[in-house]
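There are 2 protein chains.
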Amino acid sequence: MSRSISLELIKNEIRNIPDFPTPGIQFKDITTVLKQADLFSFLVDTLAEIFQDKGITKIACIESRGFILGGALAGKIGAGFVPIRKPGKLPAETLRREYSLEYGTDAIEIHKDAIIPGDVVLLHDDLLATGGTASAAVALLKGLDPSKICLSFLCELDFLEGRKHLQEYEVSSLIHF
Amino acid sequence: MSRSISLELIKNEIRNIPDFPTPGIQFKDITTVLKQADLFSFLVDTLAEIFQDKGITKIACIESRGFILGGALAGKIGAGFVPIRKPGKLPAETLRREYSLEYGTDAIEIHKDAIIPGDVVLLHDDLLATGGTASAAVALLKGLDPSKICLSFLCELDFLEGRKHLQEYEVSSLIHF
Chain B
14 MSRSISLELI KNEIRNIPDF PTPGIQFKDI TTVLKQADLF SFLVDTLAEI FQDKGITKIA
74 CIESRGFILG GALAGKIGAG FVPIRKPGKL PAETLRREYS LEYGTDAIEI HKDAIIPGDV
134 VLLHDDLLAT GGTASAAVAL LKGLDPSKIC LSFLCELDFL EGRKHLQEYE VSSLIHF
Chain Z
14 MSRSISLELI KNEIRNIPDF PTPGIQFKDI TTVLKQADLF SFLVDTLAEI FQDKGITKIA
74 CIESRGFILG GALAGKIGAG FVPIRKPGKL PAETLRREYS LEYGTDAIEI HKDAIIPGDV
134 VLLHDDLLAT GGTASAAVAL LKGLDPSKIC LSFLCELDFL EGRKHLQEYE VSSLIHF
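Heads up: the protein sequence lines correspond to chains B and Z, in order. Going left to right, the first sequence walks through residues 14 to 190 as my numbering numbers them. Going left to right, the second sequence walks through residues 14 to 190 as my numbering numbers them.
For the record, the hints were derived by calculation from the structure and aren't laboratory data. Be a bit skeptical, because a hint or two may be false.
Since the list can't tell identical chains apart, any single copy or any two copies may satisfy a pair.
As the list claims (entries may be wrong) - When the alpha-carbon atoms are kept at most 30 Å apart in a straight line, the in silico DSS-like pairs for lysine-lysine are as follows: (1) Lys-24 <-> Lys-102; (2) Lys-24 <-> Lys-125; (3) Lys-125 <-> Lys-102; (4) Lys-177 <-> Lys-67; (5) Lys-67 <-> Lys-161; (6) Lys-125 <-> Lys-177; (7) Lys-24 <-> Lys-99; (8) Lys-99 <-> Lys-125; (9) Lys-155 <-> Lys-177.
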């Protein structure tokens, strides 16, 4: 028996965890959605409908939750998969980009040979919050000179206005908080 | 123009990185394969052929490289996706399992509500080496009482004999070193 699935239903299935990982943060736990086969398939199909005709050659995904739907989407639309990872995880020559957190800085890396000129790259992550990580990831990608970059998120926290930092790009989020 | 793809070709495309992350380790870098759309699709299709008729309800994937093909496979065969993560990353109630490394110990966690009795679970990771992580992951899964567990790896380092620790289970690896 199959149920009627919508993004609204999926939004309601996302679990809110107060004060995780730090006090004051309302963490959006998507594991409650991902573990349900029909909801997971619906998300992959929905992303594929949006992106399958855009000529995307590679999906660059941010470690580690971005790997999940990003990997599934790459398989579905026939794109290559490129990981963007925490420092020290990628074994070959990398580009690195630091970015600010509320306290201190963090950094992400990409292999220098991950993207070639002419690639049309979709950057995917599970969540767009302040846009700090996404902006750093876009900067990394730009350093490798693709033809085009567009962005995909499962969830977007609209009140944090992360999208303001990404105005040059097409940004798609399936679920808004 | 499409080329003739085989697991042998893919094995040859995996990049060997000597002395990473520590001296003496020959790291198998699969990013050189994942970024090639046709090779990525071939791997997802090959995994799907093996597992699509086994009644798998959930694919439990080990952070973070296991998320990539595991996520793609879950989308392809219509299974739910369950992350097994490093300590402190999963926000709700978890089971935790420690395991030995060459020096010291590490641990992994799974959400207690990730698996329900009756689930048929495929555990997926990119690499089977000594089997320490895989054994710990199987122990976590067993603690949640699924009907059946089987295991899938992209690569297996045969000389480390990790499979010896998993003799009760069906273990499938696509590529052997």
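State the violated hints by number, sorted upward, taking the hints as numbered earlier in the document. When the structure is compared with the hints, none of them turns out to be violated.
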